[in-house]
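Engineer: Take a look at the letters that make up each chain.
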Amino acid sequence: MLLGRVVGRLWAARQADSLSGRKLLLVRPEGASGETARLVVAVDGLNAGPGDRVIVAHGSRVRDLTVGPDVADKDIVIGIVDGTELAR
Amino acid sequence: MILGRVVGQVWATRRDPRLSRAKLLVIRPHGIYEPPLGTRHLVAIDDVDAGIGDEVVVCLGLPARTSLGSNDTPVDAAVLGVVDRVELDEGQLSPAGAAPGIRRPLAAAVVTEGRR
Numbered sequence: 238m239l240l241g242r243v244v245g246r247l248w249a250a251r252q253a254d255s256l257s258g259r260k261l262l263l264v265r266p267e268g269a270s271g272e273t274a275r276l277v278v279a280v281d282g283l284n285a286g287p288g289d290r291v292i293v294a295h296g297s298r299v300r301d302l303t304v305g306p307d308v309a310d311k312d313i314v315i316g317i318v319d320g321t322e323l324a325r
Numbered sequence: 036m037i038l039g040r041v042v043g044q045v046w047a048t049r050r051d052p053r054l055s056r057a058k059l060l061v062i063r064p065h066g067i068y069e070p071p072l073g074t075r076h077l078v079a080i081d082d083v084d085a086g087i088g089d090e091v092v093v094c095l096g097l098p099a100r101t102s103l104g105s106n107d108t109p110v111d112a113a114v115l116g117v118v119d120r121v122e123l124d125e126g127q128l129s130p131a132g133a134a135p136g137i138r139r140p141l142a143a144a145v146v147t148e149g150r151r
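Just so you know, the protein sequences line up as chains A and B, in that order.
For the first sequence, my numbering gives the first residue as 238, with consecutive numbering after it.
For the second sequence, my numbering gives the first residue as 36, with consecutive numbering after it.
Among these hints, one or two may not hold up.
To be verified - One side of the interface only, derived from the structure: several residues of chain A facing chain B at Cβ under 10 Å:
1. Asp254
2. Leu256
3. Gly316
To be verified - Below, a sample of chain B positions facing chain A; criterion: calculated Cβ distance under 7 Å:
4. Val78
5. Ala112
6. Val118
7. Arg120
These aren't lab readings, by the way, just hints derived from the structure by calculation.
The beta carbon of each residue, even a glycine, is placed where N, CA and C say it ideally should be.
Given these sequences and hints, build the entire structure.
Structural biologist: This is the structure in structure tokens:
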């Protein structure tokens with residue numbers, strides 16, 4: 238899993254049937270910078286919103302277990318972060 | 036499995052119900068493994084009560100999903116052990132890029148002693 242912050246929502250007029258009705262979030266992984274910094278489009282199963290810090294899990298089995306096997310996205314929000322304690 | 040250090044803990048009240056009350060730790064993997072997307076960290080559930088500063092073994096994929104006792108935990112990483120001691124002969128390491136996720140040669144400094 239990774240920690241990230243929801244930076245936006247994504248809508249698409251034309252999209253695969255398997256994504257219709259799914260709330261898609263743009264998540265910026267924490268700690269990423271430079272060339273490798275990119276956004277993750279994650280399916281939201283917990284009603285997260287922009288500004289929330291979230292935990293995103295990856296994989297087809299995670300997807301099957303959370304939002305169902307028909308969804309064409311393997312990055313799933315599985316937790317909304319209340320707080321973190323991080324060592325220096 | 037990968038080796039890393041626990042650098043933090045995450046609290047999340049709103050979470051997938053199958054995660055129950057499992058502890059969530061932030062792990063900084065050692066140099067032989069780089070998390071995807073350049074995040075330099077990964078979040079793993081913890082079933083062995085590791086704490087910040089511990090060196091741990093983290094497994095990925097199916098064994099992580101089954102670590103809480105059932106096959107339906109929607110996670111991709113789990114702490115499976117707290118490391119007491121690691122000894123590495125750098126000359127015996129596989130070349131960088133030899134396996135998925137392994138991109139850099141291991142730093143010489145990664146002979147490490149756990150908390151206990």
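Engineer: Work down the list of hints and note, for each, if the structure agrees.
Structural biologist: We went through each hint and held it up to the structure:
Hint on A:Asp254 is violated. Least Cβ distance to chain B is approximately 23 Å, over the 10 Å limit. For A:Leu256, the interface hint is violated, since its Cβ never comes within 10 Å of a Cβ in chain B; the closest pair sits about 19 Å apart. Proximity of A:Gly316 to chain B holds as hinted, the smallest CB-CB distance being about 4 Å (cut-off 10 Å). Annotation: B:Val78 was flagged as interfacial toward chain A, and the flag holds, the nearest CB pair being 4 Å apart, inside 7 Å.
Look at B:Ala112: its Cβ gets to within about 6 Å of chain A, closer than 7 Å, so that hint holds up. Contact between B:Val118 and chain A, as hinted, is not supported at the beta carbon level, the nearest pair being about 17 Å apart and thus beyond 7 Å. At its closest, the beta carbon of B:Arg120 sits 21 Å from a beta carbon of chain A; the interface hint therefore is violated under the 7 Å criterion.
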